[in-house]
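For this one, chain F is given, so just place chain C on it according to the hints.
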Amino acid sequence: MSSDLITDHFRQKRTTRSSAKRTEPQSTQQTAKPKSVQLGADKQSSSKSETENDLDVLKQFDLNWEYGPCTGITRLQRWNRASKHDLNPPVAVKELILSHSDDSMYTHCLWNDYEL
Amino acid sequence: MFCSTVSQDAGGLLCEPTERSKTFKRSVSEYTDHSERFKLKDRTFARQYAHMYAERLCVMRPKLIEAAKKKWGQNVRTKKLFELKAEEKVVVVGTLFKHMELQPSILKEISNEHNLMPQPERAKFIDEADELILEDELQRILLVDKLDKRALVTGVVVAVYGMEPDEDRGKFHIEDYCFAELETQVPVPVKEKDRYVALVSGLDIGSKSENMMNLQLLADLLSGQLGDEGQQEAAANIVRVIVAGNSLSQDTRDKNQMKQAKYLTKKTTASSVEAVKSLDDILVQLAASMEVDLMPGEFDPANHTLPQQPLHRCMFPQATMYPTMHCVTNPYDFSIDGVRILGTSGQNVQDIYRFSCLEDHLQMLENTLIWGHIAPTAPDTLGCYPYYDEDPFILPECPHVYFAGSMPSYQSKVFRDSKGQKVLLINVPRFSQTSTCVLVNLRTLECQPVTFDMSFQEDSFEGEK
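Line by line, the protein sequences give chains F and C. Once you know that position 68 of the first sequence is 69 in this note's numbering, the rest is easy, because the numbers rise by one and skip nothing. Once you know that position 143 of the second sequence is 466 in this note's numbering, the rest is easy, because the numbers rise by one and skip nothing.
Some clues are possibly wrong.
In silico lysine-lysine, DSS-like type, Cα no more than 27 Å apart, as pairs [claimed, not checked]:
| no. | chain 1 | residue 1 | chain 2 | residue 2 |
| --- | --- | --- | --- | --- |
| 1 | C | K403 | F | K85 |
| 2 | F | K60 | C | K403 |
| 3 | F | K85 | C | K392 |
| 4 | C | K364 | F | K85 |
| 5 | C | K402 | C | K736 |
Honestly, the hints are just simulated from the structure, not real lab data.
So here's chain F without its partners, still in its complex pose:
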């Protein structure tokens, strides 16, 4: 019981970068899975960091106060509203959204998963 940590049962979610650096207490059953993720991460790090960059750009677009509130509407709707008011939102953001129109991580705002 004393060695039964909550982290044994709830797998800690990590980004690919920090998982390579950190060492965490893990039970024997779960050691295999994170290691394989780490191995895979090294090979695909370049493309993953691109998507991370893209998502970061979109996140900055969401957090920019000049374009108004971001919750409850899609990023494309917010972009169109901003351009209607001549606020000149970056075209790169629109291209990103349109190129990944089936992925809700791109099309919807940062707080999409949270209910009203």
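Quick look at chain C alone, frame taken from chain F:
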């Protein structure tokens, strides 16, 4: 005016019936509808109202900066709240928020720690301790001096000139303030003949005190069946009638019925069914001879939030057979013969009455024009659809005629703005209580009330004896 064209002798009525009687053709007017923005395309309610306020501020900001520069000089500096420095006189543009202690709050009601009883019904929710706060995109600040907090309501966008003193941070001391100017009016084309638009509101059909006799008189007058040839000729110049809300009475909204168990209410029909049938009977008489616009009101079977969508045509099977019958939105914006008319069924004015110290309904209507927004209290205390990319209640163009229905009495005034433009303000009274409708002359832009009085006095019968 309308009555002056009536022939002085009633000789036309007191003669033998003739083979051919004179017929008069009703005048036709050009009509353009501008209410597209009030019709809802999609119905997603899973949105917060922050978008509406952001949109309102974004659209009104350039207008306010322009008005501010006109009033206080071109060199006056406009700053956002986060850029404010102490002891610096600047102009700040933002939305007003009136903090009212007595404002009904659902959170206070359901909060256990206060052990509060539900708030008693009040006519006005204002209090001496109310505070005015200015909000822009990022911050808010308390306003002191100059602004009459009792006369203002939440949601008005204003430009204030003043400064934040060093010893009193967090408060903005106002020296002067201004609102957005009205847009330039499109000039009305000159007409030769008199044309009238009839405005009527608050028919309140379905109540115990409904006035069907006077309503029938109204329908007869407008369709040209009342009066002699002179009056009929005058009535032929009425080109359109607008029923501005509350055609059904408050009594048709039976809350008790909703709370009762299903087995008790299974066989009963809602009282609004009978009322709608009566309304259809009146409307078919009107629609058979002239253009009719029916606006929904507070107690009509339409959606509660503004903008109210048009009543469904299936409710008026007889009247909608005629192409002259139109069910329109509330608020309603249209132009007829070049005259731009804008109006609501009165909910916006009623809400301002509840949350300000003003008593004069016409003054409140004038204020919405000065503030540049039809319903500033939406969405705070007046139900509203959660728009995200537009605020359709901002006045797009300066109207020539601006009316509000379901008002307690008839009032009218010509409002002149700083540019010298004239707007005719009309308070259309409740027909069930005043039996008065309003006729607006499109050529002279004047209006007059027409009252139907059917009181039979006891003395006249005694005389016959």
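For each hint, the structure was consulted:
1. With a CA separation close to 21 Å, the supplied pair K403 (chain C) and K85 (chain F) stays within the 27 Å bound.
2. Restraint check for K60 (chain F) and K403 (chain C): satisfied, since their Cα atoms lie roughly 24 Å apart, inside the 27 Å limit.
3. Restraint check for K85 (chain F) and K392 (chain C): satisfied, since their Cα atoms lie roughly 25 Å apart, inside the 27 Å limit.
4. Straight-line distance between C-alpha atoms of K364 (chain C) and K85 (chain F) comes to about 19 Å, which keeps the hinted pair within the 27 Å bound.
5. Distance hint between K402 (chain C) and K736 (chain C) is unfulfilled; the C-alpha atoms sit about 37 Å from each other, more than 27 Å.
Hint violations for this structure: number 5 only, all remaining hints satisfied.
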